[in-house]
Amino acid sequence: MSSLPDLVCPAGSLPALKAAVDNGADAVYLGYKNDTNARNFAGLNFDAKTMSDGIRYAHSKGREVLMAINTFAQAGRVADWQKAVDGAVDQGVDAIILADVGLLDYARRRHPQQRLHLSVQGSATSYEAINFCQREFGIQRAVLPRVLTLAQVEHVIKNTTVEIEVFGFGSLCVMNEGRCWLSSYACGESPNTVGACSPAKYVKWDKQPGHMDTRLNGILIDRFGDDEPAGYPTLCKGRFEVQGETYYALEEPTSLNVLSILPEIIKIGVRAIKVEGRQRSPAYVTQVTRTLRAALDALAASGERYHVKPAWQAELAKVSEGSQATLGAYNRPWR
Amino acid sequence: MSDFTIPKFRLPGFVAALGHKLPQWPHGLALVAGLNAALKMKLLPESELTALEDKLFRVQVLDTGGTAHFTYRDGLFRPVFRAEREPDLAFAANLSAYLQLLARQEDPDTLFFNRELEITGDTELGLLVKNMLDAVEWPKLPRLPLPSR
Ligand code: SF4
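In the order they appear, the protein sequences are chains P and E. If you read the first sequence in our numbering, its first letter stands for residue 1, the second for the next number, and so on. If you read the second sequence in our numbering, its first letter stands for residue 1, the second for the next number, and so on.
Everything labelled a hint here was simulated from the structure, so no lab data went into it.
No farther apart than 25 Å at their CA atoms in a straight line, the calculated lysine to any residue pairs in the SDA-like style are these:
1) E:8 / P:317
2) E:42 / P:40
3) P:61 / E:104
4) P:83 / E:45
5) E:8 / E:62
6) E:8 / P:227
7) P:207 / P:241
8) P:309 / P:150
9) E:55 / E:118
10) P:201 / E:115
11) E:8 / P:325
12) E:8 / E:103
13) E:42 / E:98
14) P:201 / E:122
15) P:207 / E:82
16) E:42 / P:34
17) P:318 / E:115
18) E:42 / P:53
19) P:267 / P:297
20) P:204 / E:122
21) P:207 / E:64
22) P:201 / P:185
23) E:40 / E:75
24) P:49 / P:90
25) E:55 / P:212
26) E:42 / E:30
27) P:201 / E:52
28) E:55 / P:202
29) P:201 / E:117
30) P:207 / E:8
31) P:83 / P:140
32) P:201 / E:48
33) P:49 / E:104
34) E:40 / P:47
35) P:201 / E:86
36) P:83 / P:137
37) P:318 / E:94
38) P:49 / P:114
39) P:61 / E:138
40) P:201 / E:84
All of these numbers come straight from a predicted model, not from anything done at the bench.
Let the sequences and hints guide you as you build the complete structure.
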């Protein structure tokens with residue numbers, strides 16, 4: 001069995017960062033309080049002070065800090081993104097996660113010694129794209145979009161020396177990461193432009209007797225019965241009328257969960273497993289981190305005899321969107 | 001990690017019926033006092049507090065039947081005894097859900113997905129409040145003696 005991949009966990013706040021570190025994350029990823037990262041929500045993320053406190057805390061326990069600057073520099077404001085890169089280098093982060101090619105180029109030239117990761121938002125799904133970024137920008141790791149089957153992930157790994165990171169748990173941003181403009185269709189703002197999908201100011205939870213409506217900029221995107229689990233208010237997870245039938249036409253509200261295929265993921269040589277959810281609370285980070293840590297450690301200890309404990313599944317199912325879990329594209333028959 | 005967990009529970013209906021008959025202010029005052037204590041200890045970030053100015057909040061405890069309104073004005077949280085308009089932001093949940101949130105045992109999104117926490121009104125304000133409370137580094141509470149078995 002190859003060595004264990006790093007467990008990379010989300011931190012939207014200092015307490016969440018500490019929860020990740022204390023519960024066994026090998027690395028945490030975080031972002032600034034602005035639109036240079038794809039979780040730009042009110043009250044979330046780090047300012048310079050909490051960032052240096054967080055980095056100090058993680059480093060004191062021998063863990064890594066990865067900084068996400070994973071949105072695309074907007075016209076006329078490129079300097080803001082460049083400043084974010086300079087700031088991350090000054091803070092001494094272990095790696096910067098970038099998506100914008102121009103920014104990768106800037107980081108490479110200005111800070112040649114800084115370790116760079118290619119963000120999932122960079123949307124590189126082939127080894128050719130990844131090797132290009134290695135050649136041009138010296139990236140040392142790439143985070144794969146959640147659209148590949150396990151066999152495709154393996155194919156990529158076999159054809160590159162860049163470390164590969166995959167998603168292991170969290171809400172699904174279904175397809176075409178870094179390319180999705182669905183949110184703009186409803187409200188004129190998308191992750192790639194303002195750093196948030198379905199910004200909260202456009203979201204309305206409308207409680208009616210017997211059901212709750214979800215509206216995005218006034219557009220009805222879902223209706224839940226009182227006993228039905230709810231999901232995030234994104235268009236990809238809305239219910240739509242298609243040829244006379246109303247259903248989740250794009251994706252169900254569900255969370256990715258790879259516990260059952262962890263041995264295969266490790267066997268093919270994945271270098272890091274990422275947990276989604278910088279928008280969530282320290283309680284979520286605690287629950288997910290300790291569960292995945294337990295699973296990884298169990299796998300290291302028991303090898304072939306690894307099996308998924310029901311308690312792990314129960315813990316992860318509880319925090320899942322729509323209270324459902326899926327293997328996502330990893331085992332999809334179609335490509 | 002403490003081994004003390006708050007179970008999910010629901011108080012029987014008669015408690016709610018009773019709650020409706022009690023004056024609404026005692027738990028409202030306790031809530032406001034708690035928030036102001038956090039303010040005094042500078043646990044809440046200034047930049048985000050300004051967004052709360054003059055907003056009306058409603059916290060409804062479904063299984064006790066208790067409802068509290070409060071607002072934030074001139075640097076203090078204040079109870080509102082007679083709310084004259086719809087709140088800007090309203091929470092509704094059973095007591096156990098609130099306790100689980102306060103103890104950081106459950107994540108609000110989890111409770112929301114599972115329909116145990118209802119949030120209505122200004123969604124962005126809700127997110128701000130949630131993230132603000134998540135970012136607070138509560139001082140370590142003194143360890144409660146565990147009940148002996
Ligand atoms: S609409 Fe869905 S797929 Fe598109 S960015 Fe938002 S969460 Fe991702």
